[in-house]
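Line by line, the protein sequences are chains A and B. Heads up: the first sequence is residues 1 to 263, going by my numbering. Heads up: the second sequence is residues 1 to 678, going by my numbering.
Worth double-checking, as some hints may not be accurate.
Capping the alpha-carbon separation at 30 Å, the derived lysine-lysine pairs in DSSO-like fashion look like this [what the hints assert, rightly or not]:
1. A:K196 <-> B:K501
2. A:K29 <-> B:K501
3. B:K656 <-> A:K28
4. B:K405 <-> A:K25
5. B:K398 <-> A:K28
6. B:K422 <-> B:K433
7. A:K196 <-> B:K504
8. A:K28 <-> B:K501
9. A:K28 <-> B:K414
10. A:K29 <-> B:K433
No lab work stands behind these hints: they were computed from the structure.
Below are the chains, spelled out letter by letter.
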Amino acid sequence: MNIVVCIKWTPDTSEADLTLESGGKDIKKDDLDFDVNDWDRFAIEEAVQIKEKMGGSVSVITVAPDDAEEMLRESLARGADQAFHLWDDAFEGSDGYAVASILAKFIRDRPYDLILTGTLADDDGGGQVGGMLAAMLNIPSSTLVSKIQIQGTTINFNRELEGGLGEAIEMDLPALVSVATGLNEPRFVSIRAVRKVSSVEIPMLDLGEIGIDESKVGYDGSRIQIEKVYLPPEGEGAEIIKGNPEEAAARLAEILREKGGIG
Amino acid sequence: MTMIEPADFPIAGIPAPVLALVILVSAISFFSYIMFRRIDLLRKLMPDHRFSDIWERIKLAVIYGFGQYRQPRYLGAGILHILLFAGFIILSLRSLTLIGQGFFSQFHLPFLTGSPGLFYDILKDYTGLIVLGVCIIAIIRRAVFHPARYAHPGAEGHQNEAYIILGLVAALMVTDMIFDGSSLKGAAVSGKSCMFPAASLAAFFMPAPGSSTLNFIHIASYWAHILVFFSLLNYLPISKHFHVITAIPNVFFANLNRGIIKPVRWGVEDWMELEEIGVSRFQGFTWKHVLDFYSCADCGRCTDNCPANAVGRHLSPKMISIKARDYAYKYYPIFGSPPDPGETRFIGDIITENEIWACTTCGACEQECPIFIEYIDKIVDMRRYLLDQGRLPLSLQKPMQQIKKKGNAYGGSKGKRSAWAKEIEGVEIRELKPGDHADLLFFVDSCGSFDPRIQEISKSFARILSKTSSDFGILGQDETDSGNEIRRLGEEGLFEQVSGKNIKAFKARGFKEITAFDPHAFNVIRNDYPERFPIIHSSQLLARFLRDGKLTLSGDYLNNRVVTYHDPCYLGRHNGIYDEPRYVLSKIPGIELREMVCSFSRSFCCSGGGILLWYENEEEKERMGERRVRMAQEVGSQVIVTACPFCLINLEDAIKTTGNEGKIEVIDIVELIDRSML
Numbered sequence: 001m002n003i004v005v006c007i008k009w010t011p012d013t014s015e016a017d018l019t020l021e022s023g024g025k026d027i028k029k030d031d032l033d034f035d036v037n038d039w040d041r042f043a044i045e046e047a048v049q050i051k052e053k054m055g056g057s058v059s060v061i062t063v064a065p066d067d068a069e070e071m072l073r074e075s076l077a078r079g080a081d082q083a084f085h086l087w088d089d090a091f092e093g094s095d096g097y098a099v100a101s102i103l104a105k106f107i108r109d110r111p112y113d114l115i116l117t118g119t120l121a122d123d124d125g126g127g128q129v130g131g132m133l134a135a136m137l138n139i140p141s142s143t144l145v146s147k148i149q150i151q152g153t154t155i156n157f158n159r160e161l162e163g164g165l166g167e168a169i170e171m172d173l174p175a176l177v178s179v180a181t182g183l184n185e186p187r188f189v190s191i192r193a194v195r196k197v198s199s200v201e202i203p204m205l206d207l208g209e210i211g212i213d214e215s216k217v218g219y220d221g222s223r224i225q226i227e228k229v230y231l232p233p234e235g236e237g238a239e240i241i242k243g244n245p246e247e248a249a250a251r252l253a254e255i256l257r258e259k260g261g262i263g
Numbered sequence: 001m002t003m004i005e006p007a008d009f010p011i012a013g014i015p016a017p018v019l020a021l022v023i024l025v026s027a028i029s030f031f032s033y034i035m036f037r038r039i040d041l042l043r044k045l046m047p048d049h050r051f052s053d054i055w056e057r058i059k060l061a062v063i064y065g066f067g068q069y070r071q072p073r074y075l076g077a078g079i080l081h082i083l084l085f086a087g088f089i090i091l092s093l094r095s096l097t098l099i100g101q102g103f104f105s106q107f108h109l110p111f112l113t114g115s116p117g118l119f120y121d122i123l124k125d126y127t128g129l130i131v132l133g134v135c136i137i138a139i140i141r142r143a144v145f146h147p148a149r150y151a152h153p154g155a156e157g158h159q160n161e162a163y164i165i166l167g168l169v170a171a172l173m174v175t176d177m178i179f180d181g182s183s184l185k186g187a188a189v190s191g192k193s194c195m196f197p198a199a200s201l202a203a204f205f206m207p208a209p210g211s212s213t214l215n216f217i218h219i220a221s222y223w224a225h226i227l228v229f230f231s232l233l234n235y236l237p238i239s240k241h242f243h244v245i246t247a248i249p250n251v252f253f254a255n256l257n258r259g260i261i262k263p264v265r266w267g268v269e270d271w272m273e274l275e276e277i278g279v280s281r282f283q284g285f286t287w288k289h290v291l292d293f294y295s296c297a298d299c300g301r302c303t304d305n306c307p308a309n310a311v312g313r314h315l316s317p318k319m320i321s322i323k324a325r326d327y328a329y330k331y332y333p334i335f336g337s338p339p340d341p342g343e344t345r346f347i348g349d350i351i352t353e354n355e356i357w358a359c360t361t362c363g364a365c366e367q368e369c370p371i372f373i374e375y376i377d378k379i380v381d382m383r384r385y386l387l388d389q390g391r392l393p394l395s396l397q398k399p400m401q402q403i404k405k406k407g408n409a410y411g412g413s414k415g416k417r418s419a420w421a422k423e424i425e426g427v428e429i430r431e432l433k434p435g436d437h438a439d440l441l442f443f444v445d446s447c448g449s450f451d452p453r454i455q456e457i458s459k460s461f462a463r464i465l466s467k468t469s470s471d472f473g474i475l476g477q478d479e480t481d482s483g484n485e486i487r488r489l490g491e492e493g494l495f496e497q498v499s500g501k502n503i504k505a506f507k508a509r510g511f512k513e514i515t516a517f518d519p520h521a522f523n524v525i526r527n528d529y530p531e532r533f534p535i536i537h538s539s540q541l542l543a544r545f546l547r548d549g550k551l552t553l554s555g556d557y558l559n560n561r562v563v564t565y566h567d568p569c570y571l572g573r574h575n576g577i578y579d580e581p582r583y584v585l586s587k588i589p590g591i592e593l594r595e596m597v598c599s600f601s602r603s604f605c606c607s608g609g610g611i612l613l614w615y616e617n618e619e620e621k622e623r624m625g626e627r628r629v630r631m632a633q634e635v636g637s638q639v640i641v642t643a644c645p646f647c648l649i650n651l652e653d654a655i656k657t658t659g660n661e662g663k664i665e666v667i668d669i670v671e672l673i674d675r676s677m678l
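Please work from the sequences and hints to get the whole structure.
Shown next as structure tokens:
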């Protein structure tokens with residue numbers, strides 16, 4: 001079983017004061033800390049668990065600048081066997097389509113039975129790469145996947161839909177599935193675990209080595225153009241709910257109902 | 001006429017000395033073999049450094065071993081134990097004498113003849129009676145009153161062993177009484193009952209002098225005594241009463257340095273290269289840790305004081321010892337080959353992951369154990385293994401990851417580490433750059449830098465330092481999380497990173513002392529960092545300011561409210577600082593300080609500091625903080641003063657959840673002094 005996991009290097013915006021680039025088309029990322037996309041951590045963990053059960057190998061791939069090596073190394077520490085770092089300055093500005101094109105070009109000629117990705121990215125929430133990559137490779141795909149079971153040449157899994165509705169699906173391999181968060185408990189990666197894989201070589205491949213045309217990547221290869229990025233409007237100030245627990249709970253329920261938080 | 005003595009009376013035609021020799025040799029051989037097997041296991045375990053400071057160790061063995069100094073922490077049981085122990089020491093000479101009398105009829109230990117001998121005979125007679133009384137009380141106590149701390153939740157108990165041992169000890173006393181009583185009766189001497197009450201009591205029931213029955217009783221009680229004695233000796237190392245033999249060595253080999261976590265493996269510099277780290281299998285424990293297991297007497301004082309256990313978490317320090325000892329006895333049997341463990345894993349099945357993560361490392365168990373059994377190092381070693389396997393509880397992963405990435409669990413950027421310091425009116429805080437010098441280096445730590453509530457303590461502390469004209473500064477961007485909990489959660493690699501960064505920052509600057517208001521930071525820098533720096537806790541610094549007359553306080557802020565002081569674990573138990581905070585409080589005019597029942601070294605943990613603030617435990621029925629607030633309520637407290645920012649957070653939460661908002665205030669001692677300064 002050869003499993004390929006595609007992962008993304010995303011900025012942590014949770015505790016940061018965000019400001020915009022001068023062009024207004026992106027946020028300033030210089031001072032932000034980057035890490036592996038949270039959804040993708042579950043994809044790596046799932047791949048490693050499948051490998052531990054069934055044998056085979058796990059390759060992790062990213063299209064990201066130099067710093068992302070840290071994330072690839074951490075993926076090796078999680079149990080991946082190989083990592084590939086795809087980057088070229090020409091990739092700057094690639095949208096989901098362009099990234100999928102790069103990945104497809106690289107993966108196409110390699111052995112694979114299963115491709116895993118996270119369903120969404122923490123930063124732009126595009127949710128595009130998985131589906132488009134599958135289409136380019138001409139293999140079936142699905143999203144928000146959990147409870148994966150491999151049987152022979154098929155993959156069985158569940159999808160959790162709105163309102164607790166579930167779907168059980170079977171697909172032929174090779175296939176691409178984009179996982180939901182929470183389908184497993186990703187292992188913790190200690191400093192020692194990273195050090196153990198410190199001598200594993202992570203090949204860095206550029207445009208030429210991947211063999212993709214410059215016109216298919218970066219701004220030129222993208223089909224989406226961002227017009228403008230804007231910050232959320234200033235909030236109106238919080239309401240502090242007063243009263244005893246019963247009254248406070250009643251008022252909270254009322255607010256949630258008003259705002260559509262609960263049915 | 002005189003009685004026939006045992007040495008002169010053949011049994012079934014066998015001369016008594018021959019029989020005595022056979023019993024002695026076989027019992028000692030058997031005992032030696034058992035001891036060999038027990039020690040053989042210790043030799044197969046991990047190394048431990050326990051031979052340093054021999055003088056200090058002798059002192060410990062004298063005070064806590066022979067002196068039983070910790071026993072009276074449980075007064076009733078403690079007194080009973082001291083009586084038993086004293087009896088054991090006194091009567092051991094008697095036992096030697098009696099063994100000798102199997103060979104020579106008038107055998108006496110060389111120094112126990114004449115007047116000292118008479119004195120000893122009187123003493124041992126009284127002692128025997130007392131020990132018998134204690135045995136009876138102890139049996140009644142167990143059988144009728146069932147003290148809760150003797151329970152064995154979740155595993156096989158060893159109650160029957162307690163009865164066997166008490167029975168054997170009682171039998172030892174009774175046979176000796178009968179032996180002496182028959183002598184007394186046989187010699188037909190009277191008027192000695194006040195000197196030999198036990199023997200006189202037994203003599204009262206004896207047949208007339210000269211009768212063959214009396215002789216038979218005399219001889220039979222002797223051999224019964226000898227057999228009971230050797231049975232007892234051999235029973236000790238196969239039961240929970242091994243402590244009779246191992247307790248004093250265990251105290252001698254105690255951990256002399258509180259507040260420090262053991263290295264990953266003693267004697268190994270580059271632990272990262274080891275095949276396995278921490279305790280994954282039983283053999284991962286050090287020999288001292290298994291000596292601890294051997295030595296546990298199941299008394300349950302540790303569990304009785306464990307805050308995690310008190311709120312319903314599945315952790316009982318006592319059960320860790322018992323389960324591990326059962327495991328050792330089962331898989332390292334005295335005779336025969338060990339059973340196949342099959343799928344049973346030591347970590348996971350015998351000791352569960354929940355138990356291992358439930359500990360706050362407060363140290364209450366270790367403080368209470370009369371014979372210094374350790375738990376924190378064992379738990380940390382088991383965590384090291386789990387973490388190395390990637391098994392860290394989910395709730396702790398994010399904060400741990402944040403420390404790895406950003407140097408703090410709060411996810412704040414480095415640049416914002418000193419943002420709090422710019423918000424204090426009238427106080428300038430120097431950010432020390434490499435090469436700068438200040439008398440005091442204020443180590444703020446992540447909590448004081450990023451937690452909005454704890455920033456208030458940072459500001460108060462800065463105001464006090466400014467008011468006392470102290471020359472102080474902070475590290476700013478170059479400060480990293482202190483790492484106390486990182487190390488205690490088993491992430492040794494990350495601990496080495498953060499401590500390394502802080503040490504580098506310390507060395508680049510000049511200062512006389514470091515000061516910190518968080519006892520966790522204080523502890524780890526003081527005890528765990530591989531290089532030593534002078535460090536002083538805020539409460540000690542406040543005490544110094546007050547002694548030097550640099551601060552004058554008023555009682556206005558407290559306004560006659562009743563105050564109680566909550567001892568933080570890492571200040572009190574781990575570093576022995578109990579008096580300075582109380583001294584500081586005593587300097588507030590008109591203060592009424594009431595101590596909670598659980599105070600000083602028996603303080604009750606509020607649920608842990610550092611990133612344990614993020615730890616979620618689904619087993620607990622209430623929060624530790626809530627329990628602590630109720631203890632404060634019991635003494636009518638209106639203000640709970642603590643000296644730890646995490647205690648503050650946990651207790652403030654508990655004030656809200658117990659409906660005490662507006663009734664009880666929780667305040668850090670630094671904030672209280674800031675508000676009480678004139």
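Evaluation of the provided hints:
1. A:K196 <-> B:K501: Since the Cα atoms of K196 (chain A) and K501 (chain B) sit roughly 22 Å apart, the hinted pair holds (cutoff 30 Å).
2. A:K29 <-> B:K501: holds (25 Å)
3. B:K656 <-> A:K28: Cα-Cα ~40 Å, so violated.
4. B:K405 <-> A:K25: holds (27 Å)
5. B:K398 <-> A:K28: With a Cα-Cα distance of about 24 Å, the restraint between K398 (chain B) and K28 (chain A) holds, given a limit of 30 Å.
6. B:K422 <-> B:K433: holds (16 Å)
7. A:K196 <-> B:K504: Measuring from Cα to Cα gives roughly 25 Å; hence the hint holds.
8. A:K28 <-> B:K501: Holds, because 28 Å separates the two Cα atoms, which is no more than 30 Å.
9. A:K28 <-> B:K414: holds (17 Å)
10. A:K29 <-> B:K433: With a Cα-Cα distance of about 27 Å, the restraint between K29 (chain A) and K433 (chain B) holds, given a limit of 30 Å.
Violated hints amount to a single one, hint 3; each of the other numbered hints is respected by the structure.
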